[in-house]
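Engineer: Position chain B relative to chain A; hints supplied.
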Amino acid sequence: MSVLSDPRGYWDELTATERGVTAALGLVVFGLVLALLTGALGASYFLFLFGLAGMYALLSLGLNSQWGFTGLINFSVAAFFGLGAYGAALMTAGNSPIAGGLNPVVGLLVGLVLAAVVAVAIGIPTLRLRADYLAIATLGLAEVIRLIVLNERQWTNGSQGLRGIPTFFEDWPVLGTFTEVMPAIEVELVPGSPVVFGTSFWQQSLNVALLLIFLGSAFLILRRAQRSPWGRLLRTIRSDEDLAKALGKNTYSYKMQSFVLGSVIMALAGVFYAHLNLFVNPGDLDPITTFYVWVAVILGGSGSNRGALLGGFVVVAIREGSRFVGDIAWLPVGSAPLRLLAIGLLIILVMRFRPQGILPPQRELIWPSAVDNAAPSRPDRGVRDAKGGGSDD
Amino acid sequence: MTDAIETEKPAADTDATTRTNADMSKDDVLLRVENLQKAFGALVVTDHATFEVERGTITALIGPNGAGKSTLFNLVSGFYEPDGGTVTVNGVDVTGAEPYEVAEHGLIRTFQTPRKLEGMTVREAMLVGPQAQPGESFVKLFTSPGAVATAEERNLERVERILAEFEIDHLATQPATDLSGGQLKLVELARAMLAEPEILLLDEPVAGVNPTLRNKLADQIRRLNEQGTTCLLIEHDMEFVMSLADPVIVLDRGSVLTEGPPSAIQSDDTVIDAYLGGGGV
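As you go down the protein sequences, you meet chains A and B in turn. Under the numbering used here, the residue at position 122 of the first sequence is numbered 122, and the numbers go up by one with no gaps. Plus 393 on top of the position in the second sequence (first one is 1) and you've got the numbering used here.
What the hints contain is simulated information worked out from the structure, not anything from laboratory work. Only a predicted model underlies this, so the values are computations on that prediction, with no experimental measurement involved. Beta carbons: idealized from backbone N, C-alpha and C, even for Gly. Hints are not guaranteed to be accurate.
Claimed, not checked - For the chain B half of the interface with chain A, some residues (derived, Cβ under 10 Å), not all of them: (1) 471; (2) 494; (3) 504; (4) 511; (5) 517; (6) 521; (7) 525; (8) 531; (9) 546.
Here chain B stands alone, though its shape is the one from the complex:
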């Protein structure tokens, strides 16, 4: 799987200067999906899906139930191996790469059902987020304890700061399993930010969340985007999508039906047909 990654390209991961130069040569497309295909037996779930996500946008991926949105997320993030097509993140071909390899190239995802980390407090669960921690090497725990301690202190401070920004710092030492669904979504978003993603894939970030927390989540996503994080989100809450995202990509039966600004999507007849089943179901 690793072979699929074109290692000569990822200049973006080296330093800020290189990244800027590299970005300019990539037409500002952060994620490029071309002709992606996936079938489970005879059931074609992703059918030559093609789209791009531009750097700095909040792009929404919508579609009726069964359109293949979550499968597409799994394909892009490496959890499923595509039958055909390519996925390019930041100019690097990550088709068929392992999820951790995709994440290493700056693509971090969240899950539709927020994951509870049993036996961990919120701040422990948050501390899993930062990438390439020296203390994640078993050997360095014994050969470089000073470096491990310094990095851990820095990460703990970052966790405290981000929890405060998300206004959930009072939950820091609570068991992660005690949180409500909405609080878990906030923790998941906050943790994903600790990984410093270039592009964040949010799978139904406000599903089952009360209106107050939903607004809070929308504010946080907007704020993260303003800070430079590109977002691609799946969501069924149309009000949330239309107020937050631009552009919107509509998926139907595994293919991209159309894409454009929210206002155009809302008045697009083919989209209405897809949602209401007007396509001759």
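So here's chain A without its partners, still in its complex pose:
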């Protein structure tokens, strides 16, 4: 059932939690658009934040395909993100010591291949072992990659970082001149306070378009992969690897596929970040990124692609929203500690009251058309509440 063809039927099919989340998102979007049109929120900054949120959503999707699908504990999210960002930046940045000035598509490919190669290299010795070993190895990998980026100046520019990274569409036909061609639009919703959507707005719009391409592709690929025998097998490995082996499944190969796929999606987020921020430095590989992404996946619901998207946006809302706390004079807490406090509190509340996450996976991992054709008397929507960890009512 499509939301476009039958919105009422779609709404009726949603669980109570899904309706709550949809309503809350609707309110937030309404509030943001209002703030945008009245000039309370800068349009370019808003779109930049949207890009950042989408980037975290991408990272969450990547971790979800490793931890949520297969149970692989990856503590080097920041490292794979960094590989993507540095892969793209080293190929395109003006001060790149290796090969600056190349087309961003080359940077994209280099970033993704680099992440895939490192994922295979770390996966070969660890994926045959228990999950703990991968966790330990990735914890070390995150630091190794960060220190290499920081110290190997002849390759990475070290702590100076890489600047002069072009926007992704800079040399593209049509899109390369899009920001110059587009006229400035003036909106005056509040009399006397006109809001102008100029060049920087159009530039950020292009970034958002790029994000939507990356995010949409990753989401659609993962959605198809999850509700399939492949996704079902990964879930089996997560629950009981021995059982999967006993049934003739080469679990090592599937774990590797899941690990590489997730790492490449994380690198994709890194590539996007490089072209959004136009500057990368070793600080971008700090472990706090990994922490935020884990929070996002746990918050949204392990194994749920929708949950990962939601978690990514919520984490950025807290991270960036807490910056405005400094403006409230009577609050005795600074924004940085408040941010960590809010995230910690959120995790405690979720673990206590909804350990399965806000939007846990609810559909059966069966090819959708097969359920409709081979078992029409037992549609999988009938099991949604049970799979979501209990009724939402």
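Structural biologist: Frame of chain A, contents of chain B only:
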């Protein structure tokens, strides 16, 4: 590990005609265990165990606690690597092979404690059973979605049919974690059948199962055997074993003590000694 498999032999896996011809040349022995050895440190758990399982039989492996039955299952199914000896399935040497490689040669096993698949419904858990599903290839999900859908529909129909045969079709959309131990044993057996094994290793299939379900399990094992599946089972319930299996192999301290028809085993003094500790413990 893969090297241990003699790839020139497995004609049995190609097609039905080849399998028939190949089977005839193998004296109908489906599983052959020769001089299998395994020690954990100084503790010898499997001590030159040697036995054969003939095609079409329900063979039981019994023995007192600590005799090494489950270790033997783990060795045969590839979960443990033996220190010595050989395991041959369907004429193919699978000694030291990975569990999935052993399964690919037609040997499927169940576990003593039935495995609960968290977050999955019964039919999802069942759908893991069929071998070589096109949808298990990540690439084919995008290059051959039609083939994936067709195979998935076929497998889903098989699942519905087998669940009905096992009289647990009403559980199809229940979370697998909500099932009782006995129901899980039935699901595990039904799922193993979806893998179309030539030989099925059942590790204590009725342990902790109530008498009604136990009889149901016995009926199902018998029915599967009549349909051509060879079974090797470990079980402590002697009534169950003696009514179902022939022959019975007795294991004691890691070695095969004796084997024969149930009636002979029941009256064998060495077996009684092994169970009662009459061997000078």
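Engineer: Work down the list of hints and note, for each, if the structure agrees.
Structural biologist: Now for the hints, and whether the structure bears them out:
Hint status for residue 471 (chain B): holds, given a least beta-carbon distance of 8 Å to chain A, under 10 Å. Given the 10 Å rule on beta carbons, the hint for residue 494 (chain B) holds: about 8 Å separates it from the nearest Cβ of chain A. At a threshold of 10 Å, the smallest CB-CB gap from residue 504 (chain B) to chain A is about 7 Å, leaving the interface hint in force. For residue 511 (chain B), the suggested interface contact is upheld, since its CB lies about 5 Å from the closest CB of chain A, less than 10 Å.
Using the Cβ-Cβ criterion of 10 Å, the hint placing residue 517 (chain B) at the interface with chain A is satisfied: the shortest such distance is roughly 5 Å. For residue 521 (chain B), the shortest C-beta to C-beta distance to chain A is roughly 5 Å, which falls under 10 Å, so the interface hint holds. Against a cut-off of 10 Å between C-beta atoms, the interface hint on residue 525 (chain B) holds, since the closest Cβ of chain A lies about 8 Å away. Taking 10 Å as the C-beta contact cut-off toward chain A, the hint placing residue 531 (chain B) at the interface holds, the least distance being around 5 Å.
Taking 10 Å as the C-beta contact cut-off toward chain A, the hint placing residue 546 (chain B) at the interface holds, the least distance being around 4 Å.
No hint from the list above goes unmet by this structure.
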